[in-house]
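In the working numbering, the protein residues as written are 53 to 275.
Hints should not be assumed to be uniformly reliable.
[As the list claims (entries may be wrong)] Computed spacing ranges between beta-carbons, pair by pair:
id, residue 1, residue 2, range
1, 107, 171, 17 to 23 Å
2, 167, 90, 40 to 46 Å
3, 171, 142, 21 to 27 Å
4, 104, 200, 25 to 31 Å
5, 98, 151, 18 to 24 Å
6, 209, 172, 46 to 52 Å
7, 236, 209, 15 to 21 Å
8, 232, 107, 20 to 26 Å
9, 94, 241, 21 to 27 Å
10, 98, 156, 25 to 31 Å
11, 99, 173, 33 to 39 Å
12, 173, 223, 19 to 25 Å
13, 196, 104, 16 to 22 Å
14, 209, 189, 16 to 22 Å
[Claimed, not checked] The list that follows gives simulated cross-link-like pairs (lysine to any residue, SDA-like), each with its CA atoms no further than 25 Å apart:
id, residue 1, residue 2
15, 87, 196
16, 241, 202
17, 241, 79
18, 87, 241
19, 87, 167
20, 87, 202
21, 87, 257
If you are wondering where the hints come from, they were derived from the structure by calculation, not from laboratory data.
Predicted, not measured: the structure shown is a model, and the values here were computed from it.
Every residue gets a Cβ at the ideal spot worked out from N, C-alpha and C, and that includes glycine.
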Amino acid sequence: MPRISCRLRFGCWDQATARRYPRGPVSLLLAIPVKPFGVAKARLSPVLDARRRSLLGKRIAAHTVGEAGATGARVAVVTGDTGVAAWAGELGVEVIGESGVYGTGLNGAATAATTDAGRTGSDWMILHADLPHLTRRDLTEAIDRFAPGRYVLAPSYNGGTTLLMGTGPFAFHYGPGSFHHHLRSAGQKAEVLVRRGLALDLDTPNDLETARTLGMTWQKTSA
53 MPRISCRLRF GCWDQATARR YPRGPVSLLL AIPVKPFGVA KARLSPVLDA
103 RRRSLLGKRI AAHTVGEAGA TGARVAVVTG DTGVAAWAGE LGVEVIGESG
153 VYGTGLNGAA TAATTDAGRT GSDWMILHAD LPHLTRRDLT EAIDRFAPGR
203 YVLAPSYNGG TTLLMGTGPF AFHYGPGSFH HHLRSAGQKA EVLVRRGLAL
253 DLDTPNDLET ARTLGMTWQK TSA
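Whole structure, please, built from the sequences with the hints as guidance.
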């Protein structure tokens, strides 16, 4: 498996990100929770068998990691799965391990990431892995809108939260209707970012058909 290129290296520090973080990549942790590929995308089982679902998950996650790396931030995959950790290592991506200390599922993974960021005083961004139309510009737009003491949130088309950026501890509420829960938690400090690349995640057969209609350039990403 080819490693993601210099896009994950400090020398690729995006200009927009550099303006926000003059101290360099250590100032922003861009964390991508990734589920075990063997069990992910179960809702696509009516149209894809297990092998194809696993391959799809890897391809889209690799695309997401690549676009994240293009910002120049410190990128890390958050997982408790050894297979996903090995996959991330082959891409040259840092891994943050999940721990029962922080809970389970996406809430636990996000809390593990923010705890890690807190050790260095870094800001954090929690980004979903299954965003087939994500671009670097989607992420730098979030970075441009962020300010200390505030939060940037991006909704999915069905009320989820595909991107959440902030500083310090945060009470995560991933699950059905998470965007409104997170918006309530952030209160007056929230900045809402609506972009196609962040709104269209891929969970259902209808999502897959939409991705195909819009063009699946992410399929070119090595996985």
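Results for each hint:
1. 107 with 171: 17 to 23 Å: 35 Å, violated
2. 167 with 90: 40 to 46 Å: 27 Å, violated
3. 171 with 142: 21 to 27 Å: Check passed, 26 Å falls within 21 to 27 Å.
4. 104 with 200: 25 to 31 Å: 44 Å, violated
5. 98 with 151: 18 to 24 Å: 34 Å, violated
6. 209 with 172: 46 to 52 Å: This hint is violated: roughly 34 Å between Cβ atoms.
7. 236 with 209: 15 to 21 Å: 20 Å, holds
8. 232 with 107: 20 to 26 Å: 33 Å, violated
9. 94 with 241: 21 to 27 Å: 35 Å, violated
10. 98 with 156: 25 to 31 Å: With a Cβ separation near 27 Å, residue 98 and residue 156 satisfy 25 to 31 Å, so the hint holds.
11. 99 with 173: 33 to 39 Å: 45 Å, violated
12. 173 with 223: 19 to 25 Å: For residue 173 and residue 223 the Cβ distance comes to about 20 Å; the hint holds.
13. 196 with 104: 16 to 22 Å: Roughly 37 Å apart at Cβ, these two residues miss the hinted range, so it is violated.
14. 209 with 189: 16 to 22 Å: The hinted range 16 to 22 Å holds for residue 209 and residue 189, with Cβ atoms some 19 Å apart.
15. 87 with 196: 29 Å, violated
16. 241 with 202: Given pair residue 241, residue 202 holds - Cα atoms ~5 Å apart, limit 25 Å.
17. 241 with 79: At roughly 20 Å apart (the allowed maximum being 25 Å), residue 79 and residue 241 satisfy the hint.
18. 87 with 241: With Cα atoms ~30 Å apart, residue 87 and residue 241 exceed 25 Å; violated.
19. 87 with 167: 19 Å, holds
20. 87 with 202: Answer violated: residue 87 to residue 202 is near 28 Å, above 25 Å.
21. 87 with 257: 19 Å, holds
In this structure, the earlier hints numbered 1, 2, 4, 5, 6, 8, 9, 11, 13, 15, 18 and 20 are contradicted, and the remaining ones agree with it.
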